[in-house]
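With the hints as constraints, model all of the structure from the sequences given.
Chains Y and V, in that order, give the protein sequences. Residue numbers for the first sequence, in the numbering used here: 1 to 505. Residue numbers for the second sequence, in the numbering used here: 1001 to 1352.
Derived by calculation from the structure, the hints in this document are not laboratory data. Keep in mind that the hints are not guaranteed to be accurate.
Claimed, not checked - Selected chain Y positions facing chain V (in silico; Cβ < 10 Å):
id: 1; residue: R302
id: 2; residue: M351
id: 3; residue: L365
id: 4; residue: W413
Unchecked claim - To be clear about the criterion: a stretch of chain V counts as covered by chain Y if any three or more of its residues have a C-beta under 8 Å from a C-beta of chain Y, and this derived list gives those stretches:
id: 5; region: 1205-1215
id: 6; region: 1226-1238
A virtual CB, placed ideally from N, CA and C, is assigned to each residue, including glycine.
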Amino acid sequence: MPETHASPYLLEMRGILKQFPGVLALQDVQFNLHYGEVHALMGENGAGKSTLMKILSGVYQKDSGEVIYKGQSIHFTSPRQAQLAGITTIYQELNQIPQMSIAENIFLGSEIQRGVLLNRAEMKRQASQLLQKLHLEIDPRTPLSDLGVAQQQMVEVAKALHHRADLIIMDEPTSALSSREIEDLFAIIRELKSQNVSIIYISHHLEETFEISDRLTVLRDGRYVGTYPTQELNVDGLIRLMVGRDLSDKFPKEIFPTGKEVLRVENLTQGNRLKNISFSVYAGEVLGIAGLVGSGRTELVRALFGADPIDRGSIYIDGQPVTIRNPRDAIRQGMGLLTEDRKQQGLILKMNTRENTTLTVLKQLTPGWLTNRRAEAALTQKFIDSIAIKSSLEQLTINLSGGTQQKVVLSKWLATQPRVLIFDEPTRGIDVGAKVEIYKLINELASQGVAIIMISSELPEVLGMSDRIMVMREGRIAGILPRQEATQEKIMEYATEKVKQTITA
Amino acid sequence: MTDTTEKRKISASGQAWRLSGRLLSETGPLIILILMAVGLLLASPPFRNPTSLMLLGLEAAAIGIVAAGQTYVILTGGIDLSVEAMVSFSGVVAAILIAGTNVAGGQIANGIPAIFAVLIALSLGLLIGIIQGVIIVALNINPFIVTLGFRSILLGVSLVATRGAGINIQKDEFMTFMTSFIDTGFIRIPVPLLIALIIYAVSWVVLRHTRFGRYVYAMGGNEVAARLSGVNVNWNKIMIYGISGLLAAISGILVMGRLQSGAYQNGTNMTLMSVAAVVIGGTALVGGTGGIWGTLVGVFIIRLVEQGLVYLSVPSNAKEIVIGAIIVLAVAIDVIRRGEVKWLRLGKSRST
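Next comes the structure, spelled out in structure tokens:
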């Protein structure tokens, strides 16, 4: 099929397939983009949006499929190539140097020189022009650190224009913006559109995408669901498209009689990340925490565990107020935290299974000056047997599979005989079989009366394993749903802005 | 990502790669040491003399004690650049107290018995190390900067206190013993070497069989995970710099005793040498892996190179070149061992 410049599309992606070890991230995904169009890319966490965009911008390479850009089949092997071709990505975390001025940031990597010296005057003049194009009245010599996040983002847009971008990818551009700033950003997006620049817009904020986009493409589980003109959809329809999969029996949930309140949190506040959080967890209960990325879930459990300081709030264990200033205090109060990122925060990969398991209880295993290695081995062996860890005592944890590593982290916390155990994304990066094993262990702990808090970005997991589901949005509790009443649609409604009006009204 | 046969294959080859790397890093330095010793024994008849072996041990003791402290620090992923200044400083402090003067060649007051002077100098070493640790922890400053600053401060104080000259001491019974030899009939073992070996033995027990030692490795391996597991990272870090300060101060006393003089140059080059010994001995500069015995091997390798150059009649001025090359080589080995050099891995799986 010969490609001509008469194609109505700036970009066409067809049959894109991308595989990571053990995971089919994208399968037969298609996507197209008109000239001067704002096209929203929608899907749950892990649906494959970012992977698709990283293929487009040259960060990842596709395994098969075709990308046609400006009528030509292309294959970028680095972000630099994509940028030279006119494709720029504005990431959630900005790649800027705060100490440098606006002009210096715009021209970073493409400085204008007079001989061997920088031509500051010319760079300033061109930067001013770019800022004017975006209707921004800022001196280009202003250090970036003096600007707000929104303005910093505008600088990034100016940089994209400087690179003559025809296609700008915006990944969660509004997550750090106030509603006023969002309006500014939208004005600029409309301005760019009028200059025939195309924009791919990724956002969890459904209302926003309805306001700004011309069309929507929905991905789910790495597959293409469909592309729709925005005015033909409503929020409910979109949510159904995003989550519409069947819950299978992958979750061996058992319900145990709930006991006494073990942990109570009152008015926990931390900057603008956590705002007046109050909730309780009961013995034998699994409290699921759902919410979008950045809604404050991980921040909440880290604050509870003393890993980050809090501004305000009280924590009660068994009804008694406790002070938790650091993880040591939390452990003393009977808490344990299985972090989201096992490799970076959970395990010491250079150490073996025994050393990792006993790290939390080394004090008890050191009767005098010297650690009792026999007791250490016995304790670790007990967990290897009881929760079926596929590892020897002395095997380095760096060599274990994801599921086995998670079990080692779990045994480290079981060794402390916790009252409250917090799982942050307990099955991330773990294959299906091992996931079920982890769920069964969660059941078993609940049956023993441990109070369990489980954060998960996978809605089926939250729905399948929780007794109650606490949904967070923007650092607040958006709602707590009992198991019987919870559905994917309801959680998504709470997690996005849909029910904001109902709550504030 | 979930694991499949694909990933297992990768991790299996990675495992073999790491295992061979580990084997090499654990026995490699020892093999090099033995080869060097045999080579020197064959090449240089004077080297076979028990006296030269004794001298080798004596020299190794001073640098070895400093390197032992450096090992603790580097195992946690830090570095102590103040050690050479601490060696000079503790010698100067003890010498001034013993001689009762801070002027070269004169006595203006009654000195105090050496044993008390030494105890004071060692306490100062421990305290200054702890102060550095507190600054590193409380202000969250890179240890590189803090210890570099203290290096200057301690050298400066030593220089000012001695007016740039050495403070000579008369040895009393205690200092005589500290610098004497224990005659075994075949070979005379210097007391400093004995002290060094005791420090190494104790350090091995501490690092391998105590809670503190386990925490040292845990902090170097993954400080965040250690903290989240309830390890008191701050307190342990402070102690680490205290230990390094104390051991450098001990070395300073032994050097001062041998030279019978406390001078600001006493510790010259010791920082570089100690770091080089630790790295040559197989401890990773990023922390978390390695051990104290490797450092001892590293110390002897460095001493053998230095002595060897003498016996092989290399002009002493050229010594610095060789030592410098060894240090760069040691760091290169460290980086290569950890598989961080892309072009050397030749398409090996990316380590995660």
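Next item on the list: Could you tell me which of the numbered hints above are not met by this structure, giving the numbers in increasing order?
Entry: none
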